[in-house]
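Q: Listed below, chain by chain, are the residues.
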Amino acid sequence: MYDFVSGPLVWVAFAVFIGGLAFKFVTTYASAKGEKVVLPTFSGKHGLRSLLHWVVPFRNRNTRLRPIFTLISFGFHLCLLATPLFLMAHNVLWHRAFGVRLPSIPDPLADVMTVIVVLGGGFFFLRRLAVPVVRYVSDWKDFVLVLVAVGPFVTGFASHQQLLPGDTLLILHVVSGVVWLMVIPFTRIVHMMWYPFTRAFMGSEFGYVRHARDW
Amino acid sequence: MQVPDVPKEIPRIEDPGIDRRLEEIDLEEVERVIVETLDKETAARLKVYLETCVHCGLCSEGCHYFLSHDKDPRYAPVSKVKQTLWEMARRKGKVDKTFLRNAVRIAYLECGACRRCSMYCPFGIDIAYLTMVVRRIFHKLKLVPQYLQDTVNSHAVTMNQMWVQQDEWIDTLQWQEEETRDEYPAARIPLEKEGAEIMYSVIGPEPKILAQLLGNISLIMTAAGYDWTMPATDGWDNSNMAMYSGDFEIMARVEKLHWETAQRLRVKRVVMGECGHAFRGAVYDGPRWLGWTEPPIPMVHAIEFYYELLKEGRIKIREKYKKPITVQDPCNTVRGRGLGDKLRYVMNALCEDFRDVSPNQEHNYCCGAGGGLINCGANWKKIRMWGNRVKAEQLDATGAEIVCTPCHNCHSGIEDIIGHYKLGMHVKFISEILVEVMERP
Ligand code: HEM
Ligand code: SF4
Ligand code: SF4
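Here the protein sequences come in this chain order: S and B.
So that you can map any letter, position 138 of the first sequence is 138 in the working numbering, and since no number is skipped, the others follow by simple counting.
So that you can map any letter, position 363 of the second sequence is 1363 in the working numbering, and since no number is skipped, the others follow by simple counting.
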């Protein structure tokens, strides 16, 4: 069982993840050529300027207005992206599959980062229930999405701590990771790919076209 | 400042453009128009925006309606998209009349397309653009507030927004020229002067209800020694309510005629009077629809023009304006053109006691009249007033007596706010202050 999920299934997941994103990108780019403003008004310089104001916390007014949210969101995303890439155990797998090794983070640190992701997810989930605006615009998919996002972290942590005997947890971890990867291109987690583009487009629109700031 | 009560539920406001049309509207046509607009007339931008929005609600902080309605979730930018586009897309155009009535109100009256929220969404999602897509659908369905549609009709027939006829136009200019010459005999309003350096553009309300502004500009231009002109033909008004009703075909006709007029007069540049919409239509929306990346002749907005004139010392200030004064940063020239610093230069050059607003510049709140809102007519005024308490609070906090509003919509919108919240302030255009404080030649 473990051999199957961690073998072929993972390859399928990566194929869907990368293939899905590539397909999205190519079709969207083709469609963007039909827009009167997107490509002709794009400016790398102004796009980058805007991105830098938004990927660095507190460089724009809205992140300053909500410091706690900002810290949680940045912590969540940073750990969410870094932990799976640089985890020691994953590095072994990267090496076996692709013959490359990334820098590793020590396990105790990875544990802390995992907990940050899970707590961050918990925060987003509760916030969705508690803040009237967010609740107003949520449907069940938004809640499930948070659960999907933290799934591999919960199971990975539990399996690492060996909370259950055997490979049940490990299998669950791989399966939730597979789901995680496969849904990215087809759910709103695709924001991961569009973020630099929407941001840079608005940055160009404000900076290059309108000589104003968007942060 | 006094804050009148706001009803918890929005009362139904009558508008023949909406009520009568809804009676006869064919829901199959509605479906067809929605599907056609979403599938054929929009492309990557709309799709990516709808796909990317993570429903996080961070844009809410950007909207003056949301802030003024004590954070009622219905007024958050993302909620307005939920109540309009999301539903249209989800139901694939199969919507009912209750939905339409609600969505029309939201698209035309509860979002002024001011774009402030785009500076609060971490993805920079352009909610104002999404609002415009909804308005485009409603324009195609002829489901538009009556008064706004009337303004568009005026554009279509007369090429200006207030049914001003050509003889009336010329007459008003000559009358204002004469008035100004009583005091200052050198003043002129040169009509149809080919090859002049500047063409000066105004909007319909100037000849119709604020003619003294034309006298002011005649005084300013002459005193500053500019070689300028105004057209005697249609093409003088480039304010554009069609741009806001969703009738982009008429919008483009208006802007095209305006630029053709400037080209016919072979001017080097066009100075746009104190109007934000007109500037936006002429420099951005019109050219884009026409497929131009830039207007054919450079356009300078009044704020920039006065900045240049004062910086170059073309006009000397006799004595600075004394009363405490604050300013309204117009969305279309400050957030939409980055003229905030120049506006402050002008304010400080003309006034002794300038008190800035907070938040200011790009982060300033919209006046609540722009984006076609005020043109929806007096029956809708309450929606604008309830939706902009933050503006009243912001102005009140400056302790100023006068608000300088370098935009026609801001001028009317802020005047309404001042009246509704009993702020006891007054509004003025830059040109009104300038003629008051300048050294008369
Ligand atoms: C480069 C990658 C990514 C970027 C730049 C990014 C950016 C953002 C931004 C700007 C938000 C808006 C709210 C906030 O600031 O928290 C957000 C929210 C969120 N993101 Fe990401 N993200 C990325 C990757 C991911 C991935 C890979 C996942 C999950 C697998 C994810 C899950 C979430 C979730 C669950 C929210 C929650 C919003 C809420 O509930 O309010 N993100 N992201
Ligand atoms: S009124 Fe302005 S801030 Fe509010 S939703 Fe519309 S564009 Fe955004
Ligand atoms: S801030 Fe942006 S991503 Fe978040 S709900 Fe508003 S529009 Fe959507």
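Don't take each hint at face value.
Unchecked claim - Mimicking BS3-like on lysine-lysine, the simulated pairs with C-alpha atoms at most 30 angstroms apart in a straight line are: (1) K1097/B <-> K1382/B; (2) K1047/B <-> K24/S; (3) K1071/B <-> K1097/B; (4) K36/S <-> K1040/B; (5) K1071/B <-> K36/S; (6) K45/S <-> K1047/B; (7) K24/S <-> K1092/B; (8) K36/S <-> K1142/B; (9) K1142/B <-> K1382/B; (10) K24/S <-> K1040/B; (11) K1382/B <-> K1422/B; (12) K1311/B <-> K1142/B; (13) K1008/B <-> K1040/B; (14) K1208/B <-> K1382/B; (15) K1071/B <-> K141/S; (16) K33/S <-> K1092/B; (17) K36/S <-> K1193/B; (18) K1193/B <-> K1142/B; (19) K1193/B <-> K1097/B; (20) K1140/B <-> K33/S; (21) K141/S <-> K1047/B; (22) K1381/B <-> K1428/B; (23) K1208/B <-> K1268/B; (24) K36/S <-> K1422/B; (25) K1040/B <-> K33/S; (26) K36/S <-> K1311/B.
These aren't lab readings, by the way, just hints derived from the structure by calculation.
Q: A separate judgement is required for each hint: does it hold in the structure or not?
A: Status of the hints after comparison with the structure:
1. K1097/B <-> K1382/B: Holds, at about 23 angstroms.
2. K1047/B <-> K24/S: holds (11 angstroms)
3. K1071/B <-> K1097/B: Roughly 27 angstroms between the alpha carbons, so the hint for K1071/B and K1097/B holds.
4. K36/S <-> K1040/B: Holds, at about 14 angstroms.
5. K1071/B <-> K36/S: The hint is violated at about 35 angstroms.
6. K45/S <-> K1047/B: Distance ~25 angstroms between K45/S and K1047/B Cα, so the pair holds.
7. K24/S <-> K1092/B: Judged against 30 angstroms, a Cα distance of about 21 angstroms means the pair holds.
8. K36/S <-> K1142/B: The given pair, whose Cα atoms are some 25 angstroms apart, holds under the 30 angstroms limit.
9. K1142/B <-> K1382/B: holds (24 angstroms)
10. K24/S <-> K1040/B: The hint holds at about 18 angstroms.
11. K1382/B <-> K1422/B: Judged against 30 angstroms, a Cα distance of about 15 angstroms means the pair holds.
12. K1311/B <-> K1142/B: With a Cα-Cα distance of about 48 angstroms, the restraint between K1311/B and K1142/B is violated, given a limit of 30 angstroms.
13. K1008/B <-> K1040/B: violated (39 angstroms)
14. K1208/B <-> K1382/B: holds (25 angstroms)
15. K1071/B <-> K141/S: Measuring from Cα to Cα gives roughly 24 angstroms; hence the hint holds.
16. K33/S <-> K1092/B: It holds: about 25 angstroms lies between the C-alpha atoms, which stays within 30 angstroms.
17. K36/S <-> K1193/B: violated (35 angstroms)
18. K1193/B <-> K1142/B: violated (41 angstroms)
19. K1193/B <-> K1097/B: violated (53 angstroms)
20. K1140/B <-> K33/S: holds (25 angstroms)
21. K141/S <-> K1047/B: holds (18 angstroms)
22. K1381/B <-> K1428/B: holds (21 angstroms)
23. K1208/B <-> K1268/B: Given that 30 angstroms is the threshold and the Cα spacing comes to 28 angstroms, the pair holds.
24. K36/S <-> K1422/B: Violated - the C-alpha atoms of K1422/B and K36/S are around 45 angstroms apart, more than 30 angstroms.
25. K1040/B <-> K33/S: Holds, at about 14 angstroms.
26. K36/S <-> K1311/B: violated (37 angstroms)
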